[in-house]
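Engineer: Here is what each chain is made of, one letter per residue.
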Amino acid sequence: MKGDSLLLIGRRLLQAAPVVMGIIVVTFILTRALPGDPAVFFAGPAADEKSIAEIRASLGLDKSWPEQFWVYLQNLSRGDLGKSISTGQPVMEEIATRLPASLELTLMGLLLAVAIAIPLGILAATRPNSFVDHLCRIVVTIGVSLPTFFTGLFLVYIFYFLLGLSPAPLGRLSIIHISPDHVTGFYLIDSLIAGDLEVFRAALSQMILPASTLAIFALAPLARMTRAAMLGVLSSDYVRTARASGLSSRTVLWVYAFQNAMLPVLTTLGMVFSFLLGANVLVEKVFAWPGIGSFAIEALIASDYAAVQGFVLAMALMYVLLNLAIDILYTVVDPRIGLEG
Amino acid sequence: MNKDIPDNMQFKRRDFLKIGAGAAAGAGLLPLLKYLPAEAAAGRDTLVVVIGNGPNSMDIHRKGTNRPSYQVAVNIYDRLVTYGRKKLPDGNVMYDYQKIEPELAESWSFAPDGMSITFKIRKDARFHDGKPVTAHDVKWSFDRAVSLGGFPAVQMKAGSLIKPEQFVAVDKHTFKINFIRKSKLTLPDLGVPVPLIINSVAAKAKATKSDPWATGYLHKNPQGGGAFKLGRWKPGQQTVYIRNDEWKSGPLPGVKRVIVREVASASTRRALLLRGDADVSLDLPPKDTKELTSNKKLKIAGVPIENCIHAVGLNLNFKPFADVRVRQAMAYAMPYEKIFKAAAYERGLPLWGAKSADPAGTLWPQPFPYDTDPDKAKALLKEAGYAEGFKVTLSFNLGLAYWTEPTALLIQEGLGKVGIEAKLDKIPGSGWRTKALVEKKLPMHLKNFGGWLNYPEYYFFWAYQPKRLFNSMNYDNPKLNKLVDETLHMPVGSPGYAERVKAFIKIAFEDVPLIPLWQPYLDVAMQKHIEGYEYWFHRQLDVRPFKKLPKQA
Chain A
1 MKGDSLLLIG RRLLQAAPVV MGIIVVTFIL TRALPGDPAV FFAGPAADEK
51 SIAEIRASLG LDKSWPEQFW VYLQNLSRGD LGKSISTGQP VMEEIATRLP
101 ASLELTLMGL LLAVAIAIPL GILAATRPNS FVDHLCRIVV TIGVSLPTFF
151 TGLFLVYIFY FLLGLSPAPL GRLSIIHISP DHVTGFYLID SLIAGDLEVF
201 RAALSQMILP ASTLAIFALA PLARMTRAAM LGVLSSDYVR TARASGLSSR
251 TVLWVYAFQN AMLPVLTTLG MVFSFLLGAN VLVEKVFAWP GIGSFAIEAL
301 IASDYAAVQG FVLAMALMYV LLNLAIDILY TVVDPRIGLE G
Chain B
1001 MNKDIPDNMQ FKRRDFLKIG AGAAAGAGLL PLLKYLPAEA AAGRDTLVVV
1051 IGNGPNSMDI HRKGTNRPSY QVAVNIYDRL VTYGRKKLPD GNVMYDYQKI
1101 EPELAESWSF APDGMSITFK IRKDARFHDG KPVTAHDVKW SFDRAVSLGG
1151 FPAVQMKAGS LIKPEQFVAV DKHTFKINFI RKSKLTLPDL GVPVPLIINS
1201 VAAKAKATKS DPWATGYLHK NPQGGGAFKL GRWKPGQQTV YIRNDEWKSG
1251 PLPGVKRVIV REVASASTRR ALLLRGDADV SLDLPPKDTK ELTSNKKLKI
1301 AGVPIENCIH AVGLNLNFKP FADVRVRQAM AYAMPYEKIF KAAAYERGLP
1351 LWGAKSADPA GTLWPQPFPY DTDPDKAKAL LKEAGYAEGF KVTLSFNLGL
1401 AYWTEPTALL IQEGLGKVGI EAKLDKIPGS GWRTKALVEK KLPMHLKNFG
1451 GWLNYPEYYF FWAYQPKRLF NSMNYDNPKL NKLVDETLHM PVGSPGYAER
1501 VKAFIKIAFE DVPLIPLWQP YLDVAMQKHI EGYEYWFHRQ LDVRPFKKLP
1551 KQA
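Read top to bottom, the protein sequences are chains A and B.
Taking our numbering, the leading residue of the first sequence gets 1, the next gets one more, and so forth.
Taking our numbering, the leading residue of the second sequence gets 1001, the next gets one more, and so forth.
The hints are simulated quantities; they were obtained by calculation from the structure and are not laboratory data.
Don't be surprised by glycine CBs; every beta carbon is placed ideally from N, CA and C.
Where hints are given, some of them may not hold.
[Unchecked claim] To spell it out: a stretch of chain B is covered by chain A in this simulated footprint if at least three of its residues, at any positions, have a beta carbon under 8 Å from a beta carbon of chain A; those stretches are:
{"id": "1", "segment": "1061-1071"}
{"id": "2", "segment": "1151-1157"}
{"id": "3", "segment": "1235-1242"}
{"id": "4", "segment": "1263-1274"}
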């Protein structure tokens, strides 16, 4: 069986290859179709025609599109994503340091959201129109209606500015701490590997506000979906049968109802996760978080081709993996679903 | 060369931040300092600066190096000369463009024929790695600045420095520049950030055949001899400077360590400053600045940016604007006062409402003889045959939306009152230069050019002479062109200089291809106990003069 699933996973990855190929082609064309000329932008406002031409040549942009694409593919095959002109660093390096920062924050936010949304959703579903249900409704409404940058600034204002409970919103670590040695790029994990509890504590305290901001945003769809799915399942025939058979309400709730309600929740989770990575941008700005979102926005504004292409590619690969992971989880949750389906 | 307003202010500060501005109980800077190495142990030795956008390179000569990177050139490198300082009536200190002072050069003299200049270099000056500074380093650095192309070459050219053959290392401590023409701009141009002195031995050791100027190496590893060494640089996050205690080219800086932290959100920067976690905050939106001026715990240093104007450009290729009466009508239709209040938050100097049609001296910028007067505008339009008005597109740069957007809306309203229908056209920052400055096709647009070298003729050279980059108005007046050409390289005190400058300013008054609105301030906010801030034309952070006094209870 195990060999079978591995084979299936391998096949799914193979199926992703044309998708990735397509993304490479489309981002290449799209970046070049963007308004704005990177050579002009980076030559600076006072540059003359000659210096713009020099910069265009040094960026390789004086060649034809097919030629540029060929060069890009060659570099890509060597694992070279090019150099970001706006930050001056190799794109690979930027992504390697920034993606973990975003992922760590997003995962933390998601974890928080799940920890609150799922119990809340279940409680609301089991007690419709009760106090908990109304609470769930209020939380959901607040969550969807507050823009993340507002929630972020609001939390900063309360917990940092007024109460002084939270450390200064200065990114992943305060000024005085030195980042742990790079292993995974996740500061919480790296600091534990290094055995540095002080840095762990510092990194965690920096993360609480931004992660809560994301969590408040992600709560809504998760709680909503959990409640809806649970309500549907709880009114189904098999739950009624289970109840009628005298099974304990705990067994009915967890084994029969919850497991079956998990599928739509899982789907929503996958969507919320990918969405959060995007919504990060504003949270990153407010908390000076050195993540991938702000990098991508700056790159887009500057028509920084290599950086935009690298970003889209990295994201595309991540979504392919994420979808795969969700699909595998489906099969774990519900054995009726095969990876082929 | 030109001065842009930082474009990272897309976040409007939140109103609620102003409530309880005094809540910061002076919890002391960096309460957790015990975890840092001894070098930072004393808070008074460390200056914490928050900035909207940080350096993207340690090498100002590199292609694509952004504006905030100029601070690296200023703090880590020396130049041959620097400028003097002067105190303004309001107590702020700014550089003095009329006074050139020694930095790495201890003295200099012009040749009797005026066609070359010879510098004597300090014998005790050393680079950060201990190597003595020689004339060969200067020669290599200048060669590099004119050879790499792009912005450094353009800036050097402004000082009539165009080719390596002009630069001669006479002996170890003597450096000579041969002029291609006599120009008053040459010596001042040596004090701008670009002609910095690089340790040529260290750089050449890392040069390769394909990269003879070691751009790959110097991009990340500055090799200078300036007042600060690079402590740590994390692109997009922070830059740390450590004082160079061996520095000989000026008074030893007042702080040992400077941490420049990048915080994209203006509201967050404001909160950090109010809480006392940051000593200095740059890139303040004018609205924040206005509100912070009433805060007793903070100091705001606002200095008018020299040679810089926020203005409306009228493109003469657009038929109605070819008529000078229509241009004057436009100048009378601008709601100056409203714009100054709602877009500039009064952080600037008004450039309208002069009483006399004759320029008040050679000062530039100076108020133009126009005021908001719709009746006069209508009369002029009628005279020009546009009694029914016309339609026009008003373009502005979204990258500078914090002032361009409210300004454009107010102008739209003002033009409506004289029968002109303006359609707003927002152009993203990356496309602005091509559309406005290169193609020069925008009929009516908002612009903000400013020149580093503070001379009226330098401004006019870039913005009023035909085919120049910043003449996005396609303005061409042979009389003005001649006057600017004559004065550009002429020493300021020469006979005939003042008359000519006044003459071309008067032409700008009458022809108004460019309608000035206001001269913006450069605002920097800091804690009360921070001393020594100086305004510099490059408008980036010069940390050398800062001092941190004990905090008052």
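Engineer: Indicate, hint by hint, whether the structure satisfies it.
Structural biologist: Evaluation of the provided hints:
Against chain A, the segment 1061-1071 of chain B contributes 5 residues with a C-beta closer than 8 Å to a partner C-beta. That satisfies the three-residue criterion, and the hint holds. Under the rule that three or more residues need a Cβ within less than 8 Å of chain A, the assignment of the segment 1151-1157 of chain B holds, with 4 such residues. Using a Cβ-Cβ cut-off of 8 Å, 4 residues of the segment 1235-1242 of chain B lie near chain A, which meets the minimum of three, so the contact claim holds. Check on the segment 1263-1274 of chain B: 8 of its residues sit with their Cβ under 8 Å from a Cβ of chain A, so the three-residue criterion for coverage holds.
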